[in-house]
Every structure is written in structure tokens, then in C-alpha cells.
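Protein sequences, first through last, are from chains A, B, C and D. When the letters of the first sequence are read in order and numbered with our numbering, they come out as residues 283 to 614. When the letters of the second sequence are read in order and numbered with our numbering, they come out as residues 283 to 614. When the letters of the third sequence are read in order and numbered with our numbering, they come out as residues 283 to 614. When the letters of the fourth sequence are read in order and numbered with our numbering, they come out as residues 283 to 614.
Derived from the structure by calculation, the hints contain no laboratory data. These numbers were taken from a predicted model, which means no experiment stands behind them. Accuracy of the hints is not assured; some may be wrong.
Same chains, same label: a pair holds when it works inside one copy or across any pair of copies.
[Claimed, not checked] Distance condition first, Cα-Cα at most 16 angstroms in a straight line; then the derived EDC-like pairs of lysine to aspartate or glutamate:
(1) Lys353 to Asp451
(2) Lys413 to Asp331
(3) Lys357 to Glu289
(4) Lys434 to Asp326
(5) Lys288 to Glu349
(6) Lys413 to Asp333
(7) Lys496 to Asp606
(8) Lys476 to Asp451
(9) Lys357 to Glu541
Number of protein chains: 4
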Amino acid sequence: MIAVLKETATEQQISNLVNWFESQGLKVNRSKGDFVTILGLIGDTTKIDIDLLRGLDIIDNVMRISEPFKKANRKFHPEDTVVDISGVKIGGGNFAVMAGPCSVENEEQIIETAKAVKAAGATLLRGGAYKPRTSPYDFQGLHEEGIKLLIKAREITGLPIVSEIMSPDQLSVFEDVDCLQVGARNMQNFDLLKAIGKTKKPVLLKRGLSATIKEWLMSAEYIMSEGNPNVILCERGIRTYETYTRNTFDVSAISALKELTHLPVVGDPSHATGKVSLIKPMAMAAVVSGADGLEIEVHNCPKKALSDAAQQLTPEQFVGVMKDIEKARSIL
Amino acid sequence: MIAVLKETATEQQISNLVNWFESQGLKVNRSKGDFVTILGLIGDTTKIDIDLLRGLDIIDNVMRISEPFKKANRKFHPEDTVVDISGVKIGGGNFAVMAGPCSVENEEQIIETAKAVKAAGATLLRGGAYKPRTSPYDFQGLHEEGIKLLIKAREITGLPIVSEIMSPDQLSVFEDVDCLQVGARNMQNFDLLKAIGKTKKPVLLKRGLSATIKEWLMSAEYIMSEGNPNVILCERGIRTYETYTRNTFDVSAISALKELTHLPVVGDPSHATGKVSLIKPMAMAAVVSGADGLEIEVHNCPKKALSDAAQQLTPEQFVGVMKDIEKARSIL
Amino acid sequence: MIAVLKETATEQQISNLVNWFESQGLKVNRSKGDFVTILGLIGDTTKIDIDLLRGLDIIDNVMRISEPFKKANRKFHPEDTVVDISGVKIGGGNFAVMAGPCSVENEEQIIETAKAVKAAGATLLRGGAYKPRTSPYDFQGLHEEGIKLLIKAREITGLPIVSEIMSPDQLSVFEDVDCLQVGARNMQNFDLLKAIGKTKKPVLLKRGLSATIKEWLMSAEYIMSEGNPNVILCERGIRTYETYTRNTFDVSAISALKELTHLPVVGDPSHATGKVSLIKPMAMAAVVSGADGLEIEVHNCPKKALSDAAQQLTPEQFVGVMKDIEKARSIL
Amino acid sequence: MIAVLKETATEQQISNLVNWFESQGLKVNRSKGDFVTILGLIGDTTKIDIDLLRGLDIIDNVMRISEPFKKANRKFHPEDTVVDISGVKIGGGNFAVMAGPCSVENEEQIIETAKAVKAAGATLLRGGAYKPRTSPYDFQGLHEEGIKLLIKAREITGLPIVSEIMSPDQLSVFEDVDCLQVGARNMQNFDLLKAIGKTKKPVLLKRGLSATIKEWLMSAEYIMSEGNPNVILCERGIRTYETYTRNTFDVSAISALKELTHLPVVGDPSHATGKVSLIKPMAMAAVVSGADGLEIEVHNCPKKALSDAAQQLTPEQFVGVMKDIEKARSIL
């Protein structure tokens with residue numbers, strides 16, 4: 283950690299601060315330039331509250347040097363991690379597509395969709411049983427019943443299932459789910475992360491609405507530091523001022539993560555854009571950015587009316603998207 | 283709800299969509315302008331997935347008309363709500379200051395700070411026992427021991443206590459805490475909100491890092507819809523591109539909330555700015571914006587060295603801030 | 283334009299507002315739902331100040347229905363525009379790569395770089411002569427001398443040149459420049475846009491630091507409405523809270539623009555990311571998102587020392603990037 | 283300037299980089315910690331392109347130590363600057379209110395409004411003659427005619443006038459305007475800043491839509507470095523994801539600027555919020571944050587209909603706002 287002191291800091295203030303650092307067990311390397319004093323702190327700085335330091339009047343800036351993520355860091359683990367989701371591998375050259383409806387609605391819907399996405403080449407089935415909705419009055423999912431329907435769809439198609447968990451006390455309900463999804467709104471629900479860390483289940487960790495790449499890696503670290511190494515990161519768009527798309531799909535984060543961490547990285551063009559017409563190009567963009575997989579919403583629409591009006595990602599359209607994903611993969 | 287259709291929508295597509303809306307139990311009011319068709323949807327639209335609609339190719343825009351927050355809405359509850367925290371009232375003209383350290387560290391620290399903030403005029407004691415830290419390697423708080431020390435400080439000073447809860451399973455530990463705080467990172471931890479909603483405990487709901495005012499009110503609605511009306515909203519700064527301050531303190535949100543909701547609103551200048559020198563003006567700015575209270579971090583620093591270096595908000599400085607808060611209140 | 287009135291609006295207030303709209307020459311279509319009154323405004327609403335309306339107490343929301351960009355709109359001009367930059371075509375299936383140094387520094391540098399980028403397959407030479415620097419004390423470019431050196435490089439290599447113009451009074455200096463670049467900071471320098479609109483010169487219009495897609499199209503409209511149809515849009519990353527990359531590269535904006543407008547769209551991965559290692563994947567991501575071209579910074583580094591340390595985009599590395607760009611193009 | 287090198291940097295790469303820095307005339311102070319090498323650069327670093335350095339593969343982070351603004355810096359000029367606008371002083375304890383319509387529309391409007399705002403206590407008249415509009419089809423202002431009407435209003439009321447300039451070639455038209463306003467969209471129109479810097483005219487420099495405080499100060503520095511010290515900074519809200527208000531009013535920036543610079547700082551609650559009901563609390567919040575003045579839009583509405591519907595800031599309401607501003611000033 284480096285602390286840059288203001289020019290106005292007095293000798294007395296500086297030595298008080300140095301004493302305090304030393305009382306915290308740190309070695310302090312002090313170097314004085316023309317205008318500025320820099321303190322290099324050596325030792326275990328994890329107990330130092332960086333925000334507290336930044337608030338001090340004599341401090342201009344504080345910078346962590348060593349990256350605070352250890353287990354997720356490619357520096358200490360250069361080879362790619364491969365996560366195995368009940369036989370479907372992701373990472374280290376293994377590419378996986380998770381597809382399915384936003385919410386599990388009924389048996390016919392989830393089974394038909396599961397068959398369709400499998401036929402098109404998806405290797406994992408996604409579907410929401412517990413839905414984090416902005417409003418308490420909106421549909422919250424089928425809960426346990428939804429999980430049972432997903433399991434039924436798995437029995438029929440053989441596709442391992444991915445579903446979102448919202449609270450530690452749901453872990454027993456998710457015992458037979460192959461991959462736990464942690465949603466954007468829970469990326470810093472640290473108690474949930476710790477509880478999942480105590481299992482060995484693969485977990486798809488979505489980026490928070492306005493999380494930095496480093497905060498996101500620290501959330502992966504929460505899971506890993508409890509003993510669960512099976513973390514997959516999922517970029518799903520960040521919140522910006524742009525309103526044309528639902529979020530802004532940060533594909534450069536995918537490329538950056540492939541440098542920073544050995545964990546598999548997945549892109550979710552459906553949530554990122556909120557627009558059917560943008561799913562195909564954004565799926566390809568994620569692939570060429572280095573993604574190890576994709577999560578895509580596919581709607582089976584028994585209601586012909588909406589389907590026709592919507593031109594949303596029907597199973598037929600998904601076939602086309604899968605072809606373009608394959609093309610994009612072919613050039614890497 | 284209003285759906286604006288694109289000019290390119292065909293008659294067939296439009297009537298398919300109208301049929302689908304009607305199958306969802308809605309009445310559809312269709313009006314055709316020169317370039318555009320507008321569908322007004324009347325009835326219970328809470329089951330309609332607005333994001334799904336926005337993704338449809340024939341749809342230009344969708345807008346909710348009626349505000350989806352009911353219980354928090356001033357329209358349906360014009361008079362101010364007064365929340366009673368073990369005898370300390372907030373809202374409806376009652377102003378309260380919650381002060382104390384970021385984390386409870388030890389008995390001496392919390393009791394000395396409690397005495398000091400009480401002497402300066404604070405009416406509630408805040409202190410963290412469970413700390414949401416970005417890194418799993420950073421200090422996570424004293425947990426149950428921290429709650430016990432807060433209770434001890436309350437016994438000595440009489441100040442009701444406010445502390446952050448991070449998970450539903452901590453509710454039993456917080457049974458004797460006067461006011462539960464839900465942190466920014468958990469503003470959309472809906473399972474936590476629902477669990478708190480089943481109690482009657484006063485709750486201080488902080489704004490999420492990048493939550494809109496309406497999303498924040500919907501989170502209040504989650505608590506209220508479960509039966510707990512004792513919600514206090516706390517503006518603590520939002521995430522922007524500006525790096526000089528830790529967050530950007532959105533005082534206009536305080537004024538806006540006083541129009542939109544009957545719930546008490548509190549400002550937290552400490553977290554919003556991250557700079558000691560800005561706490562005093564920002565506390566005053568919150569007050570003139572209409573805040574019903576303030577949450578301010580006060581550090582008791584037994585380590586003289588850091589205290590001298592830091593010039594942080596010591597009990598002595600807090601006395602000065604309280605005087606300026608009083609001045610600001612005097613002109614309203 | 284649609285105005286949604288608040289429930290609290292009185293009959294008297296509504297009819298006053300309707301009268302005012304009618305006095306502005308608009309036809310008003312009034313429809314009353316259960317909770318809300320909606321006014322549909324038909325006619326020329328360009329004189330209505332939408333921000334003024336939004337500020338009115340009785341108004342809940344105002345929405346423009348017809349897109350305010352006409353000349354740039356694909357709806358009214360479905361076929362792709364092809365811009366011809368002194369013989370190099372871009373748009374409508376024609377792909378162009380603009381490469382060269384950030385700043386023109388001296389004759390050797392620009393000519394060597396020009397030769398190198400041409401050899402690698404670039405078809406346009408970029409180089410800054412007038413540099414918009416945050417600080418007045420930073421290097422501002424060689425100005426007229428820089429333009430002369432670019433022209434010399436063009437004479438030798440045959441590559442048409444692209445360079446940034448910062449003020450209308452520089453137009454005479456740029457008379458022999460093939461394509462004018464308008465930088466992000468000047469995207470809403472409307473006097474500059476109008477002046478350029480009066481020429482017929484191709485113009486590369488960069489997206490503003492925090493411009494929405496629609497604002498950007500309106501800036502293109504400024505140029506086009508003055509008579510110059512030769513506008514190329516350039517996505518160069520937007521400002522967000524993420525600090526790992528210099529900006530956040532919004533490739534979904536490229537795909538969105540290909541739907542919304544007939545103008546060519548170019549991506550600039552160099553400025554978007556600020557990191558050499560991310561240029562290759564982001565160039566490919568832009569291509570699969572539908573970009574008609576790329577702008578890439580290539581540094582000729584006579585100072586061997588920096589070149590070795592930097593591993594920046596040297597002419598040699600640019601050859602590799604060009605190969606990957608070709609691969610990405612091959613699958614479209 | 284400090285450069286932190288990555289752990290992976292080889293000795294050869296480091297010494298190449300050090301050589302390059304030395305060839306740029308800098309002294310390099312190299313310190314090696316356990317994991318990391320830090321280079322402290324001493325000398326004139328203004329020619330070093332910080333973005334170029336950040337892109338280098340061996341570099342982890344680069345930090346400027348000395349603030350790059352010199353003339354605007356309170357450190358080198360501790361006492362407040364007082365700007366004199368044709369006899370009306372602002373800064374150093376002198377408080378000024380600039381009020382008037384968004385656009386000058388006609389003689390009756392501007393003169394009636396000028397009289398009204400003067401009667402209410404405003405000391406400067408603002409009004410737009412050149413309007414930066416997002417759309418080329420929207421009203422662009424009365425131009426020279428607008429300036430003439432402002433001058434007429436000044437003759438009648440004695441209030442010095444403030445109006446927005448958009449291009450250096452308009453300087454002659456603004457010769458008789460007392461204070462030039464540079465709008466948010468032109469905050470980094472460096473040619474305009476330089477041209478204004480060559481005059482001695484007071485200038486009101488608005489913050490850019492997404493400008494950091496430091497970028498804003500650097501724009502002030504552009505004007506000052508050309509010889510014009512009469513710069514007033516105006517906070518007018520920044521662009522965030524929040525849509526309830528037009529922008530997010532960053533009052534903490536006002537307090538921060540009062541520490542960082544000796545220049546006067548003004549708040550503009552009208553543009554910041556876009557909502558009439560928020561003007562009064564936000565005007566007061568700006569005052570207690572340390573603002574030296576306010577800019578407020580006041581509409582004279584001859585069209586009774588709109589006035590009644592709108593409840594916008596009429597001259598009558600402005601009287602109320604001025605009273606609250608006075609109250610807020612009384613407690614400082």
C-alpha cells in the first residue's frame with residue numbers, strides 16, 4: 283500500500299502517522315520528493331481501512347499495490363480453471379451455452395424449451411424459480427415447484443440446470459441443482475457468498491449493477507476463500523446513463539478478466555441489452571472477447587399471439603444465434 | 283401502462299399483441315396518431331414484464347403510469363410517518379442524529395464514543411458489528427460480541443442503538459437492537475427485506491450504490507408490504523465517475539423523497555463524501571434539503587497518534603457539526 | 283409527443299395546458315384513463331421545450347414519439363450510406379481501417395508509421411495535429427506543421443488522411459485534409475458542427491464522453507441539416523465508474539446504430555480501453571458488432587527503450603491485429 | 283508523478299523505461315518493495331502522456347502527485363478571488379444572484395423579467411441569445427437581436443448581463459455583455475476557452491455533463507493561463523443513471539472547490555434538477571455548501587394559460603426563493 287501525503291503535512295503529523303502504521307505491525311518506507319512525501323507500507327495491510335486513510339486531512343491519495351484477490355488471481359494460478367457442471371465443462375477451452383426461459387412458468391413450457399435449446403446445441407438449461415423483482419407485487423417465481431420442474435426437464439433432456447439462489451436458507455432446495463446463479467443484486471450479499479463458498483457447487487456469479495471488475499473479483503474471492511473453487515463469472519451489462527439498451531454490455535471486462543483471473547467468464551447478452559435484435563451481435567462480440575460461454579434467454583411461447591408480435595428469441599431464432607456463435611468460435 | 287408501437291408495426295402484429303394483453307386480463311385502449319399507435323393498458327399490469335415488452339421488435343417504448351409503490355406513496359398517505367425508535371421519534375418534524383463509530387472495536391471505544399455523542403446532542407448510537415467489506419480478508423466486525431457492547435453502551439447512555447444486519451438468520455441476534463440498518467449493498471437483497479418486513483422493528487434502509495429513487499422506494503415497499511411500516515430512508519451517496527469524493531451525495535433525492543413518500547428521510551454525509559472536511563457543509567445541505575435526520579460517523583481515537591494525524595471527526599469536532607446542524611434547522 | 287399528467291391535475295389546469303398547446307399550433311388528443319390523463323400532441327412539436335414541460339407540476343412524464351433525427355434516420359433512408367474519403371469507401375459493405383499515431387511528432391515518425399500501417403493493410407492514415415488536452419500545459423500538437431507532415435506522408439504512401447479539427451476557424455488549414463475528425467469533447471460544439479456541415483468533407487464524428495446514442499445522432503443531424511451527408515460515427519468508449527479501462531467500450535451502440543441510421547459506424551478500441559492488450563479483442567468485437575471500420579493508434583517508436591518497455595501497438599503488432607480483424611470480417 | 287510497475291516487469295524492461303524517462307529530462311527515484319517497483323519521477327512531467335504510460339504492459343498504475351492546476355490552485359493563492367462584473371462583486375464574501383429567462387424571446391418578456399428579478403433582489407440578469415440545443419430543428423435563440431434586448435434591459439434596470447457564448451467568432455457580438463457564460467457542452471471546447479482567456483471579461487464556466495472536478499479546474503486553467511483571472515465556476519448537475527431529476531446536483535463539489543481553488547463558485551439549481559419544486563431546497567443547499575452565488579431561471583409568462591398550468595418559477599415564486607436564500611446565508 284502506498285500513501286501519498288499532502289505538501290501541507292507537518293513533520294509532526296507525518297511521524298504520528300508513521301508511528302500509528304508501525305503500531306499496526308507494518309514496516310514503513312518513507313521517501314521524500316520535492317513536493318511530496320510518499321509512505322510505502324510493507325506487511326499485512328488487510329486490516330488497514332483504506333477509506334479511513336483517504337479521509338485524513340494530510341493524505342492526498344492511497345493506493346493498494348498488491349491486488350487483494352489471491353485465489354482468483356491468475357498471477358498465482360496461471361492455468362485456466364475448468365469448472366465441471368455435472369459433466370459439462372466450462373473454461374480452459376471448453377465452451378458452454380446456458381439457455382432457457384427467464385422464469386419457469388409451467389411443465390410444458392420448461393420441457394419444450396429444454397428440448398428445443400438442446401436440439402440447437404445448448405449444453406445447460408437455465409430457468410428462474412426464485413425471481414429478484416424490483417417490485418414486491420410482481421411475479422416472484424414458482425419457488426420449489428419451479429426447481430422440481432427444472433429437474434424434470436433435466437431428466438428428460440439430460441441438460442444440467444442453472445438457477446438463481448437468493449438466500450442462504452434456500453440451499454437445501456437447491457441441493458439437486460447443478461449450478462447456482464448469484465444475481466447482480468446479490469453480488470455483494472456477502473452472507474450468501476460465504477454460505478455458497480461452504481458448498482462445492484459450481485456457481486455463476488453475475489456482475490453487480492455498478493460493480494467494478496476488482497469488486498467483482500473480490501466477491502469471487504469470498505466464495506473461494508471459504509473453500510469452493512468452482513466460480514464462473516458472468517458479465518451481464520452495467521448501469522450507465524444510456525437508456526437505449528437496458529444496460530451497457532462491457533465486453534472489454536470479459537477480455538480484462540481473462541488476463542486477471544483463471545476463472546471461466548461467461549457473457550449474458552440478453553440481460554445486457556434487453557433487445558432481441560442485439561442478442562446475436564452481442565453474443566458474437568462476447569465470444570471474440572474471450573468468453574468461455576454464454577447465457578441466453580430463450581422463450582417458448584405457447585401463446586402464438588405474443589410470439590408473432592414479439593419476434594423474440596424463439597427456439598427457431600436461437601438456432602440461428604447458435605450458428606453465429608459457432609462461426610465466432612471458429613476464428614479463435 | 284402505455285405501450286408506444288413503432289411505425290413499422292403491421293395491423294396483424296398489433297392485433298396479435300392486443301389479443302395477448304386481453305388474454306392477460308387487461309383492457310386495451312388503442313389510439314392511432316399520424317405516425318404511431320399507442321396502447322393504453324388498463325387493469326392489473328403488475329404481472330406484465332415491462333422488460334419483455336421493451337424487447338419486442340414492434341415496440342418503441344413502454345411506460346408505467348401509476349407508480350408501483352403504494353404503501354410508501356405520499357399520494358395515498360399524505361401525512362408524514364413518524365417512526366419511533368425506542369422512544370426517539372423521527373419524521374413529521376422530529377429530527378434525530380445517529381452518531382457513532384464505523385465499527386464497534388472494544389468496550390472502551392464504544393462507551394466513550396457513546397457518551398461523547400450523547401453529550402453533543404446525538405439521540406441515537408450507531409455502530410457496526412457485522413461489516414460488509416469488499417474483501418473477505420478485511421475485518422468483518424465483532425459480530426455478536428459487537429452487539430453486546432452496543433447494548434452495554436445503551437445501558438450506560440440511554441441512547442437507542444442502530445446497527446447493520448446482513449442476513450435474515452441474524453434477526454435473533456438483533457432482537458434487542460432498536461433499529462436495523464440495511465446497507466447499500468443489500469438494498470435489493472429481497473429475502474432480507476421480506477424477513478425484516480415480518481418484524482415491526484424500525485429499519486434504516488440505505489440507498490443502493492446505483493439505485494434510482496424509484497427502485498429504492500420499491501425496496502421500502504418490500505418491507506412495508508410484509509407488514510412493517512417503520513421504514514426510514516437513508517441517502518448515502520451514489521456511484522458516479524467522480525473520484526474526488528467517495529460517492530456523489532444526491533441531496534436532491536432527499537427533497538424529491540419528501541414529495542414522493544411520507545417516510546422519514548435521513549442523510550449520511552460521512553459515507554457520501556469520505557472526507558472529514560466535507561461532513562459539516564453536507565450535513566447542513568441535507569438539513570435544508572428536508573432531511574428528518576442525519577447519520578454521522580464519529581471516531582473515538584484512543585491512539586493519539588492517528589487522531590493527531592487524521593483530524594478526523596473526533597467527538598470535539600462533532601460538537602461543532604451539531605451546532606451547525608442546529609443553525610440549519612433553525613431557518614426551516 | 284405524449285404528455286402524461288399527474289392524477290392531481292385539476293380540470294382547470296388541464297384545460298389551461300391544452301389551450302397553451304393549441305396556441306402553439308398543435309392538435310391535442312386527450313384521453314382519460316382511470317388514474318391518469320394523457321395528452322397526445324400532433325403537429326410540429328420541435329418548438330416545444332420538453333425540459334420545460336417536464337418541470338411542470340402537473341406533468342408526470344413527457345415522451346417524444348417521432349425520432350427527432352430525420353436525415354440520419356434509416357427509416358427514411360433504408361439503404362446504407364457509403365462515404366468516399368478521396369477514393370477510400372466506407373459503409374455499405376466497404377470496410378476501412380484508419381491507423382496512425384496519436385500525435386504527429388516529426389517527419390520521420392509520421393512517414394515511417396504511414397508506410398508501416400499501409401503495408402499492414404490500413405487504408406487511411408490518422409494523426410493528430412491539433413490535440414485537445416485536458417491541461418493547457420500539455421503538448422497541444424504541431425498545428426499547421428503537423429497537417430503539412432500528414433500531407434507529405436500522404437504523398438509518399440497514397441493514404442488519405444484523417445485529422446482532428448477543433449474550431450471553425452481551422453477549416454482553411456484543413457482544406458487539403460481528406461477527412462475531418464470531431465473529437466468526443468466537441469461532439470456538442472454546435473458551431474463547429476454547423477461550419478463543417480457547410481462543407482462537403484467527410485467527417486468522423488466521435489461519441490461524446492457521456493452522450494446518449496440519440497444525442498449523438500442529433501449531432502450528426504446538425505452536420506447533415508447544413509447540407510453535408512458524409513458523416514461517419516465513431517464509438518470510442520463512454521465514461522462510467524469503471525477505472526480498469528480508460529472508458530467503457532459500448533459495442534452494443536455499434537449494433538444499435540446499424541439499425542437506427544444508414545450512416546457508417548466505426549469503432550476505436552485504442553481510446554476506448556487505453557490498454558494495448560485489449561485492442562485486439564475489442565477490434566474483433568467491434569467488427570462482429572457490425573462496424574464498417576476501425577480507428578487504431580499505431581506508434582512508431584524510434585526510442586527503442588520505450589518500445590521495449592511498452593510492448594505497445596508497434597507496427598509489428600498492428601500486423602497481427604489486422605489479421606484478426608480480417609478473420610472477424612470473414613465470418614460476417 | 284509515480285509509476286507503479288507490475289511484478290512481472292523484468293529488470294531489462296525496467297531499466298529501458300528508466301532510461302526513457304531520463305531521456306525526457308526527468309530524475310527517477312526507484313524503490314523496490316517485496317512485490318513491486320515504484321518509480322518516482324521528479325521534474326517537469328507535463329510532457330509525459332499519462333494515458334500512454336497507463337497502457338504499457340509493465341505498468342500497473344500511474345499517479346500524478348502535484349496538482350496540474352497552478353493558477354486556479356488555492357495552495358498558491360490562498361485568498362479568495364473577487365470577480366467584479368461591471369460593479370457587482372462575487373467571491374470573497376460577496377454573494378450574487380443571476381436570474382432571468384432561459385431564452386430571450388422578445389422585448390416585453392426580457393424587460394418585465396429583468397424588472398421583476400431586480401425587485402426581488404437579483405443583482406445580475408441572465409438570458410440566452412445563443413442556445414446550444416440538442417436538435418438542429420429546435421429554437422436556437424435570437425442571436426444578435428437577443429443580445430441587443432439584454433442590453434436594453436440592462437439600460438432600464440441597471441443589472442449587468444450574463445449570456446452564453448458558443449464560439450470564438452461571437453466575441454465581437456458579446457463585447458458589451460458583462461459576463462460570458464460557457465455552457466456545459468463547451469467546457470472542453472479549448473479553442474473557445476483560449477479565446478476568452480485573451481480577453482479580461484468575467485466568465486461563468488459551467489461544469490461539463492460528466493466532467494470531474496479536476497478536469498473542470500483544468501478548463502478554468504485554460505482561461506487563466508491566457509491571462510484572464512476572472513473565472514467563476516458554476517455547478518449545474520452531472521449526468522448519472524438517475525432519471526427523476528434532469529441531472530444530479532453535486533453540491534459536495536461546491537464545498538470541495540472552495541477548498542481546492544480561490545475562484546468563486548456558483549450553483550445552478552434550475553438546470554441541475556429540471557423541477558420547479560426542487561429549486562428552493564437546492565438553492566439553499568448550494569448556499570450552505572459554500573456557494574458564492576446562484577444562477578436561477580425565472581420565466582415571465584405572458585401566456586396566462588401555461589403559467590397557471592405550470593406553477594413554474596414565476597417572478598412571484600422567485601421572491602419566495604430569494605427569501606429562503608437570504609435565510610440560508612444568514613447562518614453562515
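So, going through the hints one by one against the coordinates:
In this homomeric assembly, Lys353 and Asp451 never come within 16 angstroms of each other (Cα to Cα): the closest approach is 26 angstroms inside a single copy and 28 angstroms across copies. For the homomeric pair Lys413 and Asp331, the shortest alpha-carbon distance between copies (12 angstroms) is at most 16 angstroms, but the shortest distance inside one copy (35 angstroms) is not. Proximity of Lys357 to Glu289 under the C-alpha cut-off of 16 angstroms is restricted to the inter-copy arrangement: shortest distance 9 angstroms between copies versus 36 angstroms within a copy. When the C-alpha separation of Lys434 and Asp326 is checked against a cutoff of 16 angstroms, the pair qualifies neither within a copy, at 50 angstroms, nor between copies, at 32 angstroms.
Proximity of Lys288 and Glu349 under a CA criterion of 16 angstroms is satisfied inter-copy only: 11 angstroms between copies versus 25 angstroms inside one chain copy. For the identical chains of this complex, Lys413 and Asp333 are inter-copy neighbours only, at 14 angstroms across copies versus 34 angstroms inside a copy, given an alpha-carbon limit of 16 angstroms. Within a single copy, Lys496 and Asp606 get their C-alpha atoms no closer than 31 angstroms, and across copies no closer than 28 angstroms, so neither meets the 16 angstroms cut-off. Proximity of Lys476 and Asp451 under a CA criterion of 16 angstroms is satisfied in both settings, with 12 angstroms inside one chain copy and 13 angstroms between copies.
In this assembly of identical chains, Lys357 and Glu541 lie within 16 angstroms of each other by CA distance solely inside one copy; the values are 9 angstroms within and 41 angstroms between copies.
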